[in-house]
Amino acid sequence: DVKVTQSSRYLVKRTGEKVFLECVQDMDHENMFWYRQDPGLGLRLIYFSYDVKMKEKGDIPEGYSVSREKKERFSLILESASTNQTSMYLCASRSPGGQPQHFGDGTRLSIL
Amino acid sequence: DQQVKQNSPSLSVQEGRISILNCDYTNSMFDYFLWYKKYPAEGPTFLISISSIKDKNEDGRFTVFLNKSAKHLSLHIVPSQPGDSAVYFCAASDMTTDSWGKFQFGAGTQVVVTP
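Those protein sequence lines, which keep their order, are chains A and B. Counting along the first sequence from 1, when you hit position 64 you're at 72 in the working numbering, and nothing is skipped either side. Counting along the second sequence from 1, when you hit position 59 you're at 161 in the working numbering, and nothing is skipped either side.
So that you can see chain B by itself, here it is in the shape it has in the complex:
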């Protein structure tokens, strides 16, 4: 049973507009969340993270929002650029009890940024 869900398999957005990617989780013990970006034929690369003590983390064009009560996080990309076209994975971990750093991953959202 998937503990991390990305319910939108794909997202198309115009260049310059905002991309919003959503992720839901079921395990209330998760306290550390990551977003990875993956291009075809490459491994996922780390994009941004957020700890459960925060509700927002920003890095340049990328902002992650965490709503613990709803068990929901989202990634905002503003403005979207053609190079942002990739698959985005949400991942979650229980860092408090799991020191090995195992993550549960969502199924991914394919983002296509159109000119």
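Bound-form chain A, shown alone:
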């Protein structure tokens, strides 16, 4: 079974802080994704990575950056956290070729 692990289930930070969300997958998947889930908006793609050190912007990249130094790990960085970044953040991974994405359990991030 694929395991996607997000380092924190709940996180509370202050505006202006730099925030790191970590995600690790154990299936040697090439592709990894970061989404945020908000009521009425579903899942929106922030960034994705198709290989180590490679990244592409998703639909809502503003205010975020990512890092992928190792194949199994994909980090989401909030450069200067703002209250409108309070959300549920979901990491996913998949292999290329039509396979569904496998999701972690999410990080509920609150920015005060």
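Hints may contain errors.
What the hints assert, rightly or not - Below, a list of computed lysine-lysine pairs in the DSSO-like style, where the Cα atoms sit at most 30 Å apart: (1) A:Lys11 / B:Lys107; (2) B:Lys107 / B:Lys204; (3) A:Lys21 / A:Lys79; (4) B:Lys158 / A:Lys63; (5) A:Lys79 / A:Lys63; (6) A:Lys65 / B:Lys158; (7) A:Lys26 / A:Lys65; (8) A:Lys26 / A:Lys79; (9) B:Lys204 / B:Lys170; (10) B:Lys204 / A:Lys26; (11) A:Lys26 / A:Lys78; (12) A:Lys11 / A:Lys79; (13) A:Lys79 / B:Lys170; (14) B:Lys107 / B:Lys170; (15) A:Lys65 / B:Lys204; (16) A:Lys61 / B:Lys204; (17) B:Lys170 / B:Lys158; (18) A:Lys65 / B:Lys173; (19) A:Lys65 / B:Lys170; (20) A:Lys11 / A:Lys65; (21) A:Lys63 / B:Lys107; (22) A:Lys78 / A:Lys61; (23) A:Lys11 / A:Lys21; (24) A:Lys11 / A:Lys26; (25) B:Lys158 / B:Lys173; (26) A:Lys78 / A:Lys21; (27) B:Lys204 / A:Lys11; (28) A:Lys79 / A:Lys61; (29) B:Lys170 / B:Lys156; (30) B:Lys204 / A:Lys78.
What the hints assert, rightly or not - Simulated DEER-style distance windows between Cβ atoms: (31) A:Gln107 / B:Lys170: 21 to 27 Å; (32) B:Thr198 / A:Lys61: 23 to 29 Å; (33) B:Pro142 / A:Glu25: 24 to 30 Å; (34) B:Thr199 / A:Pro69: 19 to 25 Å; (35) B:Ser176 / A:Ser103: 24 to 30 Å; (36) B:Ile120 / A:Glu70: 38 to 44 Å; (37) A:Leu19 / B:Asp157: 42 to 48 Å; (38) A:Gly71 / B:Asp161: 34 to 40 Å; (39) B:Ser110 / A:Phe28: 35 to 41 Å; (40) B:Ser130 / A:Phe28: 35 to 41 Å.
Just so you know, the hints here were simulated from the structure itself, not pulled from any lab data. Keep in mind the model is a prediction, meaning the values are calculated, not measured. By construction, the Cβ of each residue, glycine as well, lies at the ideal position given by its N, Cα and C atoms.
Fit chain B to the known structure of chain A by using the hints.
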């Protein structure tokens, strides 16, 4: 602009009856569709998929129907069980031109199965 729309935010159904969840999309290039199920405090889990070369795919109690001309898909759950109470997300991708496997997700439908 959302390319995948689930216009019913919630659905209540009696145990044993059929649940029908609907999803509409606007991008005619989408050729691969998924349904995910999400419980509170858990990540979405894959439920069933369908490729645009088919109009129906069945897996146990779950059947997905695709109407390409109407750009519409639906998920049928028969019979509905209390454990089916969850949020269901529809997702779509253009696998032909987008090899990265990016999906567009709908807003989700909260299903409540009552005894």
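In rising order, the numbers of the hints this structure does not comply with = 4, 6 and 13
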